[in-house]
Every structure is written in C-alpha cells, then in structure tokens.
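Sequences are here, hints too, so could you generate the full structure?
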Amino acid sequence: MAKITYIEHNGTEHVVDVASGLTVMEGARDNNIPGIEADCGGACACSTCHVYVDPAWVEKLPAKDDMEEDMLDFAYEPDPIRSRLTCQIKVTDELEGLVVQMPEKQI
18 MAKITYIEHN GTEHVVDVAS GLTVMEGARD NNIPGIEADC GGACACSTCH VYVDPAWVEK
78 LPAKDDMEED MLDFAYEPDP IRSRLTCQIK VTDELEGLVV QMPEKQI
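Take the sequence shown: its position 4, counting from 1, is numbered 21 in the working numbering, and each next residue is one higher.
Hints listed in this document are in silico derivations from the structure and should not be mistaken for laboratory results. C-beta: ideal position from N, C-alpha, C; glycine also. Keep in mind that the hints are not guaranteed to be accurate.
[Said to hold, decoys possible] Straight-line C-alpha distance at most 16 angstroms; calculated EDC-like pairs for lysine to aspartate or glutamate: (1) Lys122 <-> Asp56; (2) Lys77 <-> Asp110; (3) Lys122 <-> Glu76; (4) Lys122 <-> Glu94; (5) Lys77 <-> Glu113; (6) Lys20 <-> Glu30; (7) Lys122 <-> Glu54; (8) Lys81 <-> Asp96; (9) Lys20 <-> Asp47.
[As the list claims (entries may be wrong)] Estimated spans, in silico, between C-beta atoms of each pair: (10) Val32 <-> Leu78: 11 to 21 angstroms; (11) Asp90 <-> Asp110: 24 to 34 angstroms; (12) Asp90 <-> Met18: 31 to 41 angstroms; (13) Glu76 <-> Lys20: 12 to 22 angstroms; (14) Met84 <-> Gly28: 29 to 39 angstroms; (15) Lys122 <-> Pro97: 14 to 24 angstroms; (16) Lys77 <-> Val33: 13 to 23 angstroms; (17) Ile98 <-> Cys61: 11 to 21 angstroms.
Right, here's the structure in full:
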C-alpha cells in the first residue's frame, strides 16, 4: 500500500491509499479522481493517463520503456523528463508519498 497524491491541473489535491500491485492509473480510476481518463484501460495504447511526476520522484521510478516513450508523443504537452503514463507505473510500498500532477487536459 502506498499513499499517492494526485493533483488536478487546477491545484485540487487527492491523497489516496493505493494497493500494491495496482498501477497509479488504477488508483486514480478506483478513487474517481478526475483528470486521468484511461480510455484504453491500461494497455498503454492511448496516453489518456498522462501525468507529470513531481521532480523529486522522477529518478525514483523505473525507467520508461520504448512503448511508453512512443505513446507519450501523443500526450498533451508532454515533458521529456517528468511525463509518465500512469498505467505503466506499478504501485509498491516504495512509492509511498508519490506525487503526480495532471495536465490541463488529456488528448
């Protein structure tokens, strides 16, 4: 279990406990957090679960794979360093305190 903070583009924060083994996207979906649409359901095929990872967390997450890098090309205003697809980030106890911010919109 990890406590994750999701910040909407307007600054509204949602702090939720997400079970280990789920993805950060599933944590948002299961807690009805707006701003992460997840149209493909987590198949890394749409980029509608795009977020900006807090700078303090960028180096603590596993590296992006080629498929995620490719899908981020379709995201709204991707940041080469901070952008991630939340369907590709598995929750572990080590993610306790993770902070992600949603973009102004998804594609």
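Status of the hints after comparison with the structure:
Between the alpha carbons of Lys122 and Asp56 the distance comes to roughly 13 angstroms, so the proposed pair stays at or under 16 angstroms and holds. In summary, the hint linking Lys77 to Asp110 is supported, as the alpha carbons are separated by about 12 angstroms, within the 16 angstroms threshold. In summary, the hint linking Lys122 to Glu76 is not supported, as the alpha carbons are separated by about 25 angstroms, beyond the 16 angstroms threshold. Note on Lys122 and Glu94: the hinted pairing holds, with a Cα-Cα distance of about 9 angstroms set against a maximum of 16 angstroms.
Taking the CA atoms of Lys77 and Glu113, the gap is near 11 angstroms; set against the 16 angstroms cutoff, the hint holds. Restraint check for Lys20 and Glu30: satisfied, since their Cα atoms lie roughly 12 angstroms apart, inside the 16 angstroms limit. For the hint linking Lys122 to Glu54, the alpha-carbon distance of about 10 angstroms falls within 16 angstroms, and the restraint holds. As the CA atoms of Lys81 and Asp96 are separated by approximately 13 angstroms, the hinted pair is consistent with the 16 angstroms bound.
Taking the CA atoms of Lys20 and Asp47, the gap is near 14 angstroms; set against the 16 angstroms cutoff, the hint holds. As the Cβ distance of Val32 to Leu78 is approximately 19 angstroms, the hint placing it in 11 to 21 angstroms holds. Asp90 and Asp110 have their C-beta atoms about 32 angstroms apart, which keeps the hinted 24 to 34 angstroms range intact. One distance hint, 31 to 41 angstroms for the beta-carbon pair Asp90 and Met18, holds here, with the actual separation near 33 angstroms.
At about 20 angstroms, the CB distance of Glu76 to Lys20 agrees with the hint of 12 to 22 angstroms. With their beta carbons about 31 angstroms apart, Met84 and Gly28 fall inside the hinted range of 29 to 39 angstroms. Separated by about 19 angstroms at the C-beta atoms, Lys122 and Pro97 satisfy the suggested range of 14 to 24 angstroms. Taking the beta carbon of each, Lys77 and Val33 are about 19 angstroms apart, inside 13 to 23 angstroms as hinted.
For Ile98 and Cys61, the Cβ-Cβ distance of about 19 angstroms falls inside the hinted range of 11 to 21 angstroms, so the restraint holds.
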